[in-house]
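Visitor: Here are the chains, one letter per residue:
There are 2 protein chains.
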Amino acid sequence: MRDAYHEALDTITDELVAMSRQVATMMQRASVALLEVDRERAEAVIEADEEVDSINQDIELSTTELIALQQPVATDLRMVVASMRISATLERMGDLAQHVAKTARMRYPDPAVPPQLTPIFREMAEVADRMAAKMGAVLASKDVELAKEIENDDDLMDDLHRSVLDALLADEHLGTVNQAVDVTLLNRYYERYADHAVSVARRVIYLVIGERAAS
Amino acid sequence: MRDAYHEALDTITDELVAMSRQVATMMQRASVALLEVDRERAEAVIEADEEVDSINQDIELSTTELIALQQPVATDLRMVVASMRISATLERMGDLAQHVAKTARMRYPDPAVPPQLTPIFREMAEVADRMAAKMGAVLASKDVELAKEIENDDDLMDDLHRSVLDALLADEHLGTVNQAVDVTLLNRYYERYADHAVSVARRVIYLVIGERAAS
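Top line first, the protein sequences correspond to chains E and L.
Using numbering that gives the first Met the number 0, the first residue of the first sequence is number 0, and each one after it goes up by one.
Using numbering that gives the first Met the number 0, the first residue of the second sequence is number 0, and each one after it goes up by one.
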């Protein structure tokens, strides 16, 4: 039988997993809004961000409360602290999905991404979705091997990020200055989103490896 | 006489103040590197970031240790948790200063910012420096009025950010695509840096107001 304390810890983990799925859905929809030029979907993503912000605040409060009431030490404390950090990172990922959606909305009914670059952005969106899905699974399972895959996926994202910049610089007539500005920022949003997924994966790896080393 | 516990808390505050000064110096130098096209200074900023990252890790460890050993509750615990969050934010501000420096280095000996935009970026740099200086003072003094000034300064930063975008979009021939990309990202780096200073200020306000409400 689990005690109240471990139940509280499990609840926080469940919240993180749910939050990561929510963030993943936001980015997935933001990408569709961007690439299919879908304003309603963009609006939905923009609204959803408030909920993610509020989950983050809840997690900060409930982890602080858990520390105060249960006074965890060693591995347990490290897990609680890591949860707080992971929650802040997920909140930031939600912001980035919102930025993508806002860019789509701002240019509507024009596409923010010029047609020549749509295929690369579609690939970035796919890599982002894959990384976020694995991140959710890693948070639930603490699977170190899967966490490491996220780092490999990030290399792919970095390559795509580089390709977008190269394409932008190779062709002065790729689009308007507006589009160059949008593409530059969108490119950064996806890259940052992926970086954050890696940082979540690394925290989980560190926790598990630390636990193993300590046990 | 202060007990060991409050001494440990004070030490963490001192570390945060020192860290914030270090980050402020990094951004100040990064701006000089950018606007005076000074490669050596850019290199120095890029190297300095490693130290800030390591201070952040130290603070995470020492706050976790403080929680484990001293088991703070209520206001004290909230302060420790806030310190951890503030440290992560300062680390991110250091990253942004490093990004500015890297952009300067990447384009050297060319200026990353076209001459027409240098005056606006000089203003952004000044606002960033002012905000960071106030942030350091707020961390040391917990002065709520000063913390609120940081929020006002941020409005100025948002205006400058808007001006850069407007200037970029108003004139297709402002510079090369390379410069448009650089300017778009630099503009974002300064804006994000200012946002982070605001988030630190808000955390301090919340702590102080919370303390007042609780006492």
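It is possible that part of the hints are untrue.
One copy or any two copies: either way a pair holds, since identical chains are not told apart in the list.
Subject to a maximum C-alpha distance of 25 Å in a straight line, what follows is the list of computed DMTMM-like cross-link-like pairs (lysine to aspartate or glutamate) [to be verified]:
(1) K141 to D75
(2) K141 to E6
(3) K141 to E42
(4) K147 to D52
(5) K147 to D2
(6) K147 to E46
Rather than coming from a laboratory, the hints here were simulated on the basis of the structure.
Visitor: Which numbered hints does this structure break?
Guide: The structure breaks hints 3, 5, 6; every other hint is satisfied.
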